[in-house]
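Please put together the full structure from these sequences, using the hints given.
Number of protein chains: 2
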Amino acid sequence: MKETDAAAPTDLAVRDENGHLNADWIQAVETAVKANDAEHVQELAGDLHAADSGELIETLSREDRVALVQLLGEGFDYTALTEMDEPVRLQLLEDLPPDAVAQGIGELESDDAVFILEDMEQAEQDMILAELPSVESSQLRRALEYPEDTAGRLVQTDFIALPPFWTVGQVIDYLRSATDLPERFYEIYVVDPGFRLLGAVSLDKLLATKRSKKISKIMEETRHLVRVNEDQEAVARKFERYNLVSLAVTDDADRLVGIITVDDIVDVIQEEAEEDMMGLAGVGDEEISDSVFETARSRITWLVVNVFTALLAATVISMFENTIDVMVALAVLMPIVASMGGNSGTQTMAVTVRAIATQDLNKRNLWRVLRRELLVGLMNGIGLGILIGIIAATWFANPELGVVIATAVLLNTVCSALFGLLVPMTLNRLGVDPALASSVFVTMITDVVGFFSFLFLAAWWFGLPF
Amino acid sequence: MKETDAAAPTDLAVRDENGHLNADWIQAVETAVKANDAEHVQELAGDLHAADSGELIETLSREDRVALVQLLGEGFDYTALTEMDEPVRLQLLEDLPPDAVAQGIGELESDDAVFILEDMEQAEQDMILAELPSVESSQLRRALEYPEDTAGRLVQTDFIALPPFWTVGQVIDYLRSATDLPERFYEIYVVDPGFRLLGAVSLDKLLATKRSKKISKIMEETRHLVRVNEDQEAVARKFERYNLVSLAVTDDADRLVGIITVDDIVDVIQEEAEEDMMGLAGVGDEEISDSVFETARSRITWLVVNVFTALLAATVISMFENTIDVMVALAVLMPIVASMGGNSGTQTMAVTVRAIATQDLNKRNLWRVLRRELLVGLMNGIGLGILIGIIAATWFANPELGVVIATAVLLNTVCSALFGLLVPMTLNRLGVDPALASSVFVTMITDVVGFFSFLFLAAWWFGLPF
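Top line first, the protein sequences correspond to chains Y and H. Following the UniProt record's numbering, the numbering of the first sequence begins with 1 at its first residue and continues without gaps. Following the UniProt record's numbering, the numbering of the second sequence begins with 1 at its first residue and continues without gaps.
Quick caveat, the hints were computed from the structure, so don't treat them as lab data. Do not take every clue at face value.
Stated by the list, open to error - As a list, the in silico EDC-like pairs of lysine to aspartate or glutamate whose alpha-carbon atoms are at most 20 Å apart:
#1 Y:K205 with H:D263
#2 H:K205 with H:E221
#3 Y:K363 with H:E221
Here is the structure:
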């Protein structure tokens, strides 16, 4: 029962109807934290889901974050650390006493513990692992040895594995009497004496089967199992494709190492699509809570690369200085040609990058897709060319200039379709992430082709010097 | 048992080690389909997961798709229709005999049936609904009445709901004897006589509890329930935040309407992140299997909008025709200034659009984020300005020109940070999807500011006419 107290409300909703954290509630928590009122803090924030407390912590100031965790004491669930941005998490881990952190992490599920540990400095990581019981710390050490972004890092080692000769009744009796069951589970795994995976029984199947039946009779052979070294994205693709909720992970000797559950995969899918989007926009792995310096440094790399592609475009223009000197209208119009190519190239590129990521583009349909993109480029190039041609001809009272710019727009649009597809495909074949590097090349090509085709055609048509 | 036959291999793996469909297997299916060999087709593709058969169908020609489905007959699971691109699905539905389609759809889970029906023409939809048993067709009609992209459209009406006074033993006995259980379930729902939702019991909890206990004692009150009219994205956010596997959906009178499972949410999350990315690149809801005409039409809208923003930039340049006439170097260098602003504006914009979508950006942190973006813009603007200034000064042997371009780059970079943040924020407040419309405005602003600041500063500094 919660007490009602006008001066210190404790019955505030955690989230408003839009799903945002309730500002009044945050305010109340903040006030209680600043007043060092442990009891009130616990009333307000003692029974939160990790996602809510993670987000709450993100909104507080650095001092208040530490104070909140300390005021909550035992009531603070370290799972919340997996639900906040990396910079906030690292800072908080630094600010909290190491033994409290070690204890908190020790209580987590193994996949959450790995998620937190993997971003820490080696020294801090070792310190925390040293404080844990040896079984747990060796499990975590093993998980941390798997390469980043592989299935091994997502593995949860808390699962139920039983021999095939058990009956359904035995399993149920065991589950009723066991005291150390995983917090949540969806399947029971069946293993041989060497811990090699034989199959899995989903709980609905288990519940709907008579007690006398052996679990080997109702288990499903795991068609979609995953190896520890498999890439996260490939694992995500399996969950998505086969509508899975959990999946067994085995080592090279077919031994069951642990399981991966869909909640971790939801995060992987989210991240993956986000990475493609950010990559295309020239932003790396960035969080809204990163520091100014960190952000500036990570973004400028991309911008500097773009300085050189812009310089290349400028060099093309400088080849036609004399042409422009005679006909300044060209300088006015030339960015239109480049920008049209850039925009249509970006369209093709985005579709291609996404299709590569979702495995919708492959050798079988490459030619069909290429033909389609070229035809789309041709159709849109003709449409845009005519529109821009008419505008330019009218503006400068020069129909021939209209024809020249229309032709250049058409050329550049078709080129942009071709390279918008081929650049990401080629990068992918070369093992370079197409989301990261495609934009630079495509923009470079559409700029160069745009400026060159327009200025060259104009110089040739009007017989201008260059 | 599968027969082995060298001439007609049936033991080919469906997927290769990269997770792509096995090309040899596709070839074998194609050959069998063309040979009209029903038995062999069934051996090869009769027992596929819907995801695999959906993808297989996508790779075949239009005629072979229909032939495959007909050769598989009863063995074809219409769930596969939910696993293929919309254009392929619509074409196939058109090509198949309507009564076969109606029968196939009648066997689907309600959420899958809705997914297929919602994209069909009204007339076809009615025809199929008319062929279904009245209970099913009225359920589907009701689901189709919910607005698109709401929870109601994702609802699965196949679930288990029981009264609170049942014991665990009764529940288990019921599950063992029932013949019409849902294909897969993760929770049992507890309802009152008016079908109002009281709570849910997860299967792991049910299995770990003694037979004599009442389910009302072990059920969890559903903290995270969803209304039929709630937006899909809000639902997805709940699954993601609270690591859910299934969620009850209620109507306005708190009655249990159905459930949503995580596999549908995985698709929503995927789509949502993809939409943001495609939106920023100026591509709408497009599939790689859309027709040329369809694609061209959907893309050109965006390109035409961009013609007018490019014209605005051209108008700015034309104000300085006389300036350029005197100093052609300006025409060579001006695209660099515009392009730097465009690139850094895109970075800020992508981060902002994503932060809005994931609810990481709100009133509380807006000022902090704005300050951060401006500082990042300032730092990178200074860095880029110096770099480009030195290059320009050297290239044209004109140090003053270096100072002018450096200043313009700095100005445009800071502006781009400001508007890269404010444009999506403002659009979002106005109820316009920031992913769709931000690019146009940000590019327009960075182009105009880029060209104007550089040409104006140059004209003023060197005392040129304009």
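A quick look at each hint next to the structure:
1. Y:K205 with H:D263: Distance of about 19 Å is within 20 Å: holds.
2. H:K205 with H:E221: Between H:K205 and H:E221 the Cα gap is close to 14 Å, so the pair holds against 20 Å.
3. Y:K363 with H:E221: Cα-Cα ~51 Å, so violated.
Checked against the numbered hints listed earlier, the structure breaks hint 3 alone; every other hint is satisfied.
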